[in-house]
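Using the sequences provided together with the hints, build the complete structure.
This is what each chain is made of:
There are 2 protein chains.
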Amino acid sequence: MSIDVKRILLGKRLQTKDLAHQALSKPIGLAVFASDALSSTAYATQEILIVLSAVAGLAVWSQSETIAGTTTPVGNLALPIAIAIAVLLTIVTISYRQTIFAYPNGGGAYIVARDNLGETTAQVAGAALLTDYILTVAVSISAGVAQIVSAFPALLPFRVEIALVVILFITIVNLRGVKESGILFSIPTYFFLVVMGITLIAGFVQYFSGTLPQLPGTIDVEVHHAGELQALSLFLILRAFSSGCTALTGIEAISNGITAFKDPKSRNAATTLVWMSTILITLFLGITFLSIQAQVYPVELPTVISQLALAIHGADSLLYFLVIAGTALILLMAANTAYADFPRLAALHAGDGFLPRQLTYRGGRLVFSWGITALALFAGLLIIISGASVTFLIPLYAVGVFLSFTISQAGMVVRYNKISKLKPGEVVKGLETDLHYEKNWRFHQIISGVGSALTFVVMMVFAITKFTGGAWFIVVLVPVLVFIFFRIHHHYKEVAKALSLPRTKVDTHARPVQTLILIDNVHAETARMVNFAKSLGHSWKAIHIGTNPEKAAQIEAKWNERIGEGSFEVIPSPYRLLAEPIREYVDKLLDETPDGYVHVIMGQLVMDTFWEQALHQNSAFIFNLALSGLERVVVTNVPYQIHHEVDAEGHDRLVPSEHQQATPTH
Amino acid sequence: MSIDVKRILLGKRLQTKDLAHQALSKPIGLAVFASDALSSTAYATQEILIVLSAVAGLAVWSQSETIAGTTTPVGNLALPIAIAIAVLLTIVTISYRQTIFAYPNGGGAYIVARDNLGETTAQVAGAALLTDYILTVAVSISAGVAQIVSAFPALLPFRVEIALVVILFITIVNLRGVKESGILFSIPTYFFLVVMGITLIAGFVQYFSGTLPQLPGTIDVEVHHAGELQALSLFLILRAFSSGCTALTGIEAISNGITAFKDPKSRNAATTLVWMSTILITLFLGITFLSIQAQVYPVELPTVISQLALAIHGADSLLYFLVIAGTALILLMAANTAYADFPRLAALHAGDGFLPRQLTYRGGRLVFSWGITALALFAGLLIIISGASVTFLIPLYAVGVFLSFTISQAGMVVRYNKISKLKPGEVVKGLETDLHYEKNWRFHQIISGVGSALTFVVMMVFAITKFTGGAWFIVVLVPVLVFIFFRIHHHYKEVAKALSLPRTKVDTHARPVQTLILIDNVHAETARMVNFAKSLGHSWKAIHIGTNPEKAAQIEAKWNERIGEGSFEVIPSPYRLLAEPIREYVDKLLDETPDGYVHVIMGQLVMDTFWEQALHQNSAFIFNLALSGLERVVVTNVPYQIHHEVDAEGHDRLVPSEHQQATPTH
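In the order they appear, the protein sequences are chains A and B.
Residue 277 in my numbering is what sits at position 85 of the first sequence, and the numbering runs on without skipping anything.
Residue 319 in my numbering is what sits at position 127 of the second sequence, and the numbering runs on without skipping anything.
These aren't lab readings, by the way, just hints derived from the structure by calculation.
Do not take every clue at face value.
One copy or two, either will do: identical chains are not told apart, so a pair holds if it fits within one copy or between any two.
Stated by the list, open to error - Each computed DSSO-like pair below joins lysine-lysine, with the alpha-carbon atoms no more than 30 Å apart:
(1) K726 <-> K780
(2) K743 <-> K685
(3) K457 <-> K610
(4) K621 <-> K218
(5) K750 <-> K726
(6) K743 <-> K697
(7) K697 <-> K685
Dropping the structure here:
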């Protein structure tokens, strides 16, 4: 029955050949890979403004709160900050284009680092990315829910609950296995692009015609900075800049997924990357500019997107709700991409022996079930802790992304060094795709180097300006994770060494076996154990742990009456313990036969349902645990199944299956 | 290592004979059993006032908010309500005195009901009591923490966390096994009685001398009723009355613990019960009267006890802090008594087959570990849900207690009927202790009947006036629990029937056994499995689930090189599944030999620590699960231990123990 439920929820099994993708065209590829990057426009502007509101509170647009020595309101700083971020984005895009050509089979930071910078750096990049995929899910879902509650404030108290339901939904969908249906995936992305495009165009038309309304003062806003206002400082501007840099998250997605594109894969992927960055920059700058003109409130709820759409389209207009729906949808898609990336990267780590092997196991639906489950649990925990607040999560986010940017591009710098040492015409495996860079490798190297240095600086700015806000956690977490990865790796290597056999036939001569039947009472299950022991053909002995002397005597009497063969021994247990007496008894037997096995046979009632089974677990578990540590002790579980059966009168009865029923001797 | 931690936390094992109590004198018995009842004075008055504040908000003492047609402030109603509760308490006390004489071996509601009203009613009483023990823990700890945060408001935001730490502490203490050291237990009770006695005397002296201060208006109070004020109604007065009736909880404790007293047990227990009730009534009325005079705020925080102590002793006085400490301590002790009662009652239910058998299992420290753990989890959950608020929990509380009062006393009514039918001089087992009641059984029956009827009425008042406040949950929960209890009972009875053997020797003739060795790879663990199979002396076959054809071919080659005997078969698994292919394969074998066993041998790596073990669990678990449902399939786990060992150079290495290492054939 439980299997049926699983089928309904998770769907039919898929075969290995189903794993192959369809090749994606550029427009579809854009839709599939861009949701993470594009969706960050939903919060990047807002987070810049929230940081600036530390200076002026809600009055970031007021002339009285101005940048020192000028008449410009503090909020206007958002535009130069956004332009700086756009410049950074352009450089990173050019740099990642190179990676796409260098790694036509997929150039994620983990792979580039492993190739060029060694195992440790690769593990650092991997730890940073795994952390950030978890944060992508938490931030995107929180931001998506924030859009929805902005439009429907009555849902405000249920933010966390809604976010958790969404996580559960995405998790189930991914455990089913998302067939990478490009067309289906591109609907939310293009829907978002169309409604945001209309919104920005309408906004600019209104702006140039002087009809862009400023926000009505009647919106209920959640005041963000209850604390004291601060003076404007370079530190604060840098903090606002780093908050806005979350716009860059997801830009690496295409470089991981090059193989999904149509031939020529690298060229198509590179073109798509340029398209994506162009759209991203346009949206980000447009949203920022119009938010300044509309003088949105620098708050998390209602979201800046919601306020802007309200200003441009008016309340209760269909377009307003379409903007909310489109933004929420693309954020959901962004979370969904992390559900593909995290398990895949975790499986890569696990395959290299740096994470538990279970993560490499694909379930019946071809998905990495363990990785998906782990991602859902961690992201859900973050949402509960943060109360589904984007502003709370932002300081944790993007440190990892920028660390992986830095490492990936530094790896490319090293790679160009290798290429520079190639002799003319020399072909080296793994470097062949770079040959057309041979002549101007220095130029490309400089781009990667500049990109790496810039993203490193941003990462440091991020870590320092957000340190007390939560970035400290990531700064501590990443090295801890790397340490754990290496401990796991060490463990697997040591186990492999301990298990290794010589390359020759090994000695497996038979040893003596002493058989014990562990009995709790004398009933049909007992008869079955005796039956199995007799079928093995060795001599055996029945033992009972006597926690209650009276009961033990009754059991012995029953034994003699109903089984009546073999020897029966009661091991007294004055402390009513189960584990220790059997352990001591078996230890004694082991000492007596230093070369032999002790074979313990125990019964196990097997019920049809989980809840019934739960009523019958205890002693077998304790015995198994107690004996598993002993060498040369082998434990056999003889199951005895009891099934539900509807009898002639229509009553549901529990019965052992027919051929298992104990019958009297003839 | 894990065992050592357990020993340190949980202490040395105890032997069965340690179970015997020391016999308690009356003063010590009072201290041991009265904490639950006496501690309820810490919140009963307060909860009456909070209900009354629905009429007047914080202005319950203001002349402008008066009882219709009079000049009495609403708050003054607390006194007549408290007097009514005291009368009820007196009647219940007299009624329970009778139970103590009738059941000298302990007369809890479950036992009295089982004896006189049948199984179903007993289960209802049990369900009600189990629910209320959980609530006793949650309410007492919440109230204790409320005292502490009243004195130290800085701790206010950490109420839930403090409460959870306290639960954890009490749980560990109880898993260690509380040695019922009467002297030690009586310290908190007498400490509380002394400081409360001093406080009440000082309060009355101040009152009669006209110097009892009214509270300063400067106390910060958490306003309780943010909603609209209601008119005073009978409904509201009844609700206030039922809130105050929580003062009666715990009064049944002595009737459960009669055997702990010195001889004559029943007489000593009965006298102690009367003492306890007298003290309880004195404290409750005194606190209520003085709270009215001091005009305390009708709020949960700071608590009424804290406000009263502040008014009488002044802020920063030592006595104020002693009152807080004494009240918090006795509340802690009250929670602790539930840790004795709940597991004991749960074990009683489990022993009768109405709850999982595991609950009857006493751990190494003679305590019912499962019951203690279950209690801690449920109480912790309640504290989290309620935010450690007594006012939130009160509507859930006491419905169950009054239900069990009603049932217990109704049981006594039936019992007196049985006695009335005894012929003069006739001695019936179980009724003999009642013989001195023979003559005036009718009088005693009327008392029990009146008590039962009154507590039934109070229960109904409680359920109705608090229904929407949370009592509905208990009204739904108790029948659901009873239903579950009977389902469990039915299950155990059915299983016993299915397992029963005829009272004669049963047939256990040997059957054919087919042995399979399930191999994942060829290494030392594999060699060990082959070794065990050979030692059993049956023919066997090695099988490998081929999720990867390439790897399968490599494994076969290794098999031929290093094991080189027996047959090796790859079961192809194109879906990369593990469970289904083995299941199908075994099913086929079973069909071929309808009378025989299929014996599946699988390996199990055993590590020294939990975390290392977690890196090696997956396939064995899946296989065991897949095969456990199949009849005539027996699974044997051959363990292969890998230990930590420090080598000559001081490095920590993983090694198989010496005699397990695979050696080449000579």
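30 Å Cα threshold - placement of K610 relative to K457: Within one copy, since 24 Å is at most 30 Å while 93 Å is not.
When no copy is named, should K697 and K685 be tagged within, between, both, or neither for a Cα gap of at most 30 Å? within (23 Å within a copy, 55 Å between copies)
At most 30 Å between CA atoms: does that hold for K750 and K726 within a copy, between copies, both, or neither? within (19 Å within a copy, 35 Å between copies)
First find the shortest C-alpha distance between K621 and K218 inside one copy, then the shortest across copies, and answer within, between, both or neither for a cut-off of 30 Å. within (28 Å within a copy, 91 Å between copies)
30 Å Cα cut-off: does K743 pair with K697 within a copy, between copies, both or neither? Only across copies: K743 and K697 sit 20 Å apart there, 51 Å inside one copy, limit 30 Å.
Intra- versus inter-copy proximity for K685 and K743 (alpha-carbon distance at most 30 Å): between (50 Å within a copy, 19 Å between copies)
Is it within, between, both, or neither for K726 and K780, if the alpha carbons may be no more than 30 Å apart? both (24 Å within a copy, 24 Å between copies)
In the structure shown, no violation is registered for any of the earlier numbered hints.
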